[in-house]
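> Next come the chains, spelled out residue by residue.
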Amino acid sequence: MSLTIHVQRESFDIADEIAALTAGRSDIGAVVTFTGLCRDEAGRLAALELEHYAGMAEAELRRVAEEARQRWSLQGLTIIHRFGMVAPGETIVLVATASVHRGAAFAAAEFLMDYLKTRAPFWKREHLADGRTGDWVEAAAHDDVAAARWRTI
Amino acid sequence: MSLTIHVQRESFDIADEIAALTAGRSDIGAVVTFTGLCRDEAGRLAALELEHYAGMAEAELRRVAEEARQRWSLQGLTIIHRFGMVAPGETIVLVATASVHRGAAFAAAEFLMDYLKTRAPFWKREHLADGRTGDWVEAAAHDDVAAARWRTI
Amino acid sequence: MQVKLVYFAWVRERVGRPDETAEVPAEVATVAELVRWLKSRGEEYAYAFENEGVVRAAIDHVHVQPDAALAGAREIAFFPPMTGG
Amino acid sequence: MQVKLVYFAWVRERVGRPDETAEVPAEVATVAELVRWLKSRGEEYAYAFENEGVVRAAIDHVHVQPDAALAGAREIAFFPPMTGG
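Protein chains in written order, with the numbering used here: chain A, 1 to 153; chain B, 1001 to 1153; chain C, 2001 to 2085; chain D, 3001 to 3085.
Simulated from the structure, these hints should not be mistaken for laboratory data.
Note that CB positions come from ideal geometry on N, CA and C, so glycine has one too.
Careful: at least some of the hints might be erroneous.
Sample of chain A residues with no beta-carbon within 12 Å of chain B, all distances over it, derived [unchecked claim]: (1) I5; (2) E10; (3) M85; (4) R102; (5) D130.
Residues from chain B shown here face chain A by an in silico Cβ test under 10 Å; the list is partial [unchecked claim]: (6) T1033; (7) F1034; (8) G1036; (9) L1037; (10) C1038; (11) G1043; (12) R1102; (13) F1106; (14) E1110; (15) M1113.
Construct all of the structure, not just a fragment, from the sequences and the given hints.
Take a look at the structure:
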C-alpha cells in the first residue's frame, strides 16, 4: 500500500495527489478525497492561522493512517495537513483513500478525518477581516462524538 | 447551490471539477470527491464498455442529485458519468459534493454513489485482454443493500 | 396504442434490435401485460424476458414497476439491472 | 528529573514561552502531578492550567492521560483540545 503523509506550509494540488495515489496501477476501483477549506465565516475572517506541534503532527498522522490501514483493505492513503496562514477558499487538509471497492474508501476517509480532527496536534486561530488577531478556535464537541463512533466498530 | 451533471464519452479532470465547484466562494468548508475507476481484474480485462440510455441517464442523475440536495445542506454537487470504452486505470464516474461541514459532504457523496449504482441507466460489458468481447457485468446484490439503507433515514 | 420500445444491454441483444415502434392492443394496460404480450410475439422476446423478475422497465425516462399503467406512454424501455458507477 | 516542556496555542500564550527545560522533583511521578507542581510555580502556570480537565498532554509525541507516568520522558507537551482538519 502506498502511504503519503505531509505536514507542510505550502498549498497542494489535489489532482497531483490523486495521480500519485493511482499512478501505474489498474487494480484501484475507488478513490475518495476529502478536502477541508478555510471559510471566511460570512466575511468575518481574513485568514486562519494553524499552529502545529512539529514532529508529533507527523507521528500522529502516521498512527492514524496505520489504524486505517489495519481496519480497511486500502491500496493507497494520502494525508496532507498545512500549517501557517491559510486564506479563505484555500485548502487546509487533504485525505485521499484508494481501494478496490467504494465502501472501504469512503469509510477510511471519514475515519481519518474524524480521528485527525481530535488527535492531530494542530490549533486554529482566527485572523479577522478588520486586521485584529482573533481567538483560538474552540474544539467542537461533535468532533469528539464523530471520533468516538469508530471505537465500537 | 451549483449543480453540474454531465453524461459524456470523454474523460474528465477532477481538479477542474473541484475548482469549478468551489470557484469564487469562501463559504465552503468541505469537499468530498468519489472517483470510480476501471480495474483490469488482475490483467483479465482490456476495457469496460459502458452502454447508457441517453436522455434517461441525465434525467435520473438529476433526480438523484435533487434528492441529495433535499436531504443535506449542500453548496455544490457535481456528477459526471462516462459512457463508451474505458481502459483500466481510467475514470468512469465522478461525484463531488461541497458543504459547510464534512458530515453532509461525506453522506451526500456516499448516497449519490449508492443511488446512482442502482438507478442510473448504465450497463457495463467486459472486453477481455485476449481480444474477445466478454459478458455483461452482473448487478451486485450488495449495491441494492447499500442503496436500501438510505430509505429509512 | 402506438408506442416506442427501446432495449438496452443483453435485453437489446436478445430482442435483436435497439428499438421499435409497436402497435399495442388496447387491452394491454400495464408494463407486466406488455411483457406478456411481447413474449407471445416471438422467441426473441420470450428469451429476453425469460426471467420476468429480472428485466427492469422505464416509461418516458422514469423507472416503473410491473403494475405501472401504459396510458399516455410515449417511450417504454426494458433493460437489465443497472451496473453503472 | 530534567525534562523539556513544550506548550502550544493558548497554553503557550498563557505560560508565556513556547518551551523550557525543567528540573522536576523526583516525587512528581505523573502528568497530573506535574501539572499541580507547575501551578505552584507561578501565576502564569495557574492561569494556563486553571481548568485542568481541558489541557491535553503528550509525552514524547504520544497522547497521554493525566495518570501517565513521567519516568523516562524526554519531552512533555501541554496544549488545548486540537482543532486541526
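> Give a verdict on every hint.
Against the structure, the hints:
The claim that I5 (chain A) lies off the interface holds: its Cβ sits roughly 19 Å from the closest Cβ of chain B, which is beyond the 12 Å cut-off. Even its closest Cβ contact with chain B, about 16 Å, leaves E10 (chain A) beyond 12 Å, as expected for a residue assigned away from the interface. Distance check for M85 (chain A) against chain B: the nearest CB is about 15 Å away, which clears 12 Å, and the non-interface claim stands. Remark: the non-interface label on R102 (chain A) conflicts with the geometry, its nearest Cβ contact in chain B lying 6 Å away (cut-off 12 Å).
The non-interface label for D130 (chain A) is consistent with chain B: the shortest C-beta to C-beta separation is roughly 16 Å, beyond 12 Å. With its C-beta approaching chain A no nearer than about 5 Å, T1033 (chain B) sits inside the 10 Å limit, and its interface hint holds. Look at F1034 (chain B): its Cβ gets to within about 5 Å of chain A, closer than 10 Å, so that hint holds up. Annotation: interface hint on G1036 (chain B) holds; nearest CB of chain A at approximately 6 Å, less than 10 Å.
Against a cut-off of 10 Å between C-beta atoms, the interface hint on L1037 (chain B) holds, since the closest Cβ of chain A lies about 6 Å away. This hint holds: C1038 (chain B) has a C-beta 8 Å from the nearest C-beta of chain A, less than the 10 Å allowed. The interface hint given for G1043 (chain B) is met, as the beta carbon of that residue sits about 8 Å from the closest beta carbon of chain A, less than 10 Å. Restraint check, R1102 (chain B) versus chain A: the minimum CB separation of about 6 Å is within 10 Å; hint holds.
Evaluation of the F1106 (chain B) hint against chain A yields a held restraint, the C-beta minimum of about 5 Å falling below 10 Å. For the restraint placing E1110 (chain B) at the interface with chain A, the shortest Cβ-Cβ distance is roughly 5 Å, inside the 10 Å limit, so the hint holds. For M1113 (chain B), the interface hint holds, the least distance from its beta-carbon to any beta-carbon of chain A being 6 Å, beneath 10 Å.
When the structure is compared with the earlier hints, a violation turns up for hint 4 alone.
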